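Visitor: Each chain is listed here by its residues.
Number of protein chains: 2
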Amino acid sequence: MKPAVRVTITGAAGNIGYAAAFRIAAGGMLGTDQPIILQLIEIEPALDALRGVEMELRDCAFPLLKDIISTADINIGFKDVDYALLIGSRPRTKGMERSDLLSANGKIFGPQGRAINDHASRDVKVLVVGNPANTNALIAMSNAPDISPTQFTSMMRLDHNRAISQLSTKTRIPVTKIEHMALWGNHSLTQYPDISHCMVDGKSANSLVNESWYRNEFIPKVQKRGAEIINARGASSAASAASAAIDHMRDWALGTANDAWISMGIVSTGDYGIAKGLMYSFPVRCKNGTYEVIQGLSMDDFSVKMAKASEAELLEEREAVKDLL
Amino acid sequence: MKPAVRVTITGAAGNIGYAAAFRIAAGGMLGTDQPIILQLIEIEPALDALRGVEMELRDCAFPLLKDIISTADINIGFKDVDYALLIGSRPRTKGMERSDLLSANGKIFGPQGRAINDHASRDVKVLVVGNPANTNALIAMSNAPDISPTQFTSMMRLDHNRAISQLSTKTRIPVTKIEHMALWGNHSLTQYPDISHCMVDGKSANSLVNESWYRNEFIPKVQKRGAEIINARGASSAASAASAAIDHMRDWALGTANDAWISMGIVSTGDYGIAKGLMYSFPVRCKNGTYEVIQGLSMDDFSVKMAKASEAELLEEREAVKDLL
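Protein chains in written order, with the working numbering: chain E, 302 to 626; chain X, 302 to 626.
It is possible that some hints are incorrect.
Remember, identical chains collapse to one label, so a pair may be satisfied in a single copy or spanning two.
Stated by the list, open to error - Keeping only pairs whose Cα atoms sit at most 30 Å apart, straight-line, the calculated DSS-like set for lysine-lysine is:
1) Lys478 with Lys303
2) Lys623 with Lys478
3) Lys525 with Lys367
4) Lys303 with Lys471
5) Lys588 with Lys380
6) Lys471 with Lys380
7) Lys504 with Lys303
8) Lys504 with Lys367
9) Lys504 with Lys471
10) Lys504 with Lys577
11) Lys367 with Lys522
12) Lys478 with Lys367
13) Lys303 with Lys588
14) Lys478 with Lys380
15) Lys395 with Lys380
16) Lys367 with Lys471
17) Lys609 with Lys522
18) Lys577 with Lys609
19) Lys367 with Lys588
Rather than coming from a laboratory, the hints here were simulated on the basis of the structure. Only a predicted model underlies this, so the values are computations on that prediction, with no experimental measurement involved.
Next comes chain E alone, as it looks inside the complex (with noise of 0.2 Å):
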């Protein structure tokens, strides 16, 4: 039996947390031949759910299951953590501002990036769901100097696989033949999903659908997917992102099938173009533990106009945080 690796969630009692945590003892994230210890974070007023959360983790009897800490304290809960899932984050509320969410997100982000940097395992591999989700995982990655940035990523998973759903239903393609989807920039109502790489059972995405579904029905319904399910549900969507957080995380840590793309929010080093520096979402393959991006790809106007309008949203969002970078 392998050695037991450590997961730390937060908001672990929320519920994309609550979604997470069993999928992740069952082994869905890192294989059933993979013990883990999970650390789950809360804060204070969350911990009778939380553990009410631990107790049912434990009524499963999992057999990967080697341990359960739950606590409100991020120095012990990020303590030698191989994986940690940064879920919990301040929602926007009535009334406030852009800036006022980012600032109080910058409140929770900094201090859970220093924590990281002062306790995790030093291969640790940092995914931030928590909206907004790059500037937060930008605000941690600045926090943790000691730390690669490159182990820093925000989530674009959801909206990839989203993605993927809709040009299948709209191909009637199974979504297992659908091969390089490529999602751009911020999680945010700018995130640009590009078809133009895409194929669809050996064909081109481009020659199966037409480029008015494609700019003015399939962008937009990605982009505002998380509306319509609030919407349909009456709450916000949860077991599909913590499945998509599952995704990220298992093929980060045991690599992409030979030619698949996945697209994450990580450290730009240039690429495209992209300002460096920024977290931004480009389509990546993963092997050995690490990402890294799909090179060379052909951007037209479209695709330019695109990318560059949610870079130009994210440096508006880091400028707004500066002082906690």
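With the hints as your guide, set chain X onto chain E.
Guide: Using the frame of chain E, we list chain X on its own:
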């Protein structure tokens, strides 16, 4: 690739159904080589929420998930189903008498039994999770005369897993080293978690814990665990119930390991002196898609008393719903 199998979930927009659906779609129940068609059933007022669940499932782009059918029509929802998880039920509300509860649920599980009889695969496996689970399963079974009674079961796996977890905590031995737990009777406060055959890391459980702890702490703790979870979480067990349902179906479909025991509510054929025809929990092993009761266990006076008390309750429940059988 194997042909897809059909999995029906009732109450699919409820908390247990929601927790189960995504794990099943990810391959957590029938294996990562088994394609699945999900058939989700809800009552009319929950169809909007169900549409949201379906949208989220699609948003996951699960490779194994070939199709989703969402419906309030049980004749559609049970069409050709191979695995049916009957989760939705009428919960007990304030001031409701037990007889009212049983009869309200009879109105759900009678028609579901008939729909399964008329439309399901002839090899269907049915698991009733919705409470009162044993008697609901009895009602469904009784309304499906063309399906073998052995294809209807009720869930005791959550109690079984809880019992293993409690014994693990007490003895500080991992759950993987606890064998031969047995849960007898009704999924109710009369259930009997029986450690008298348990081996804990090769030692008899009885030799590791004292009788007073066993009778005065362990048994009530397992029996009342549901209420303890509600107190902590402010909501009833959801993900742990879903996990137990997945365990139950997986082991029934794919078999239990070597000499492992699990507990399932099954129709009694008179084993251990339990009235024939009751839906009662016994320790079983599973192979080739069938279960067999563990035979020849010695039952001391305490065990007989406990097992009989739960039988008496189930006989009363059966009497209360006799018009529905």
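Visitor: Failing hints, ascending?
Guide: 2, 10, 15
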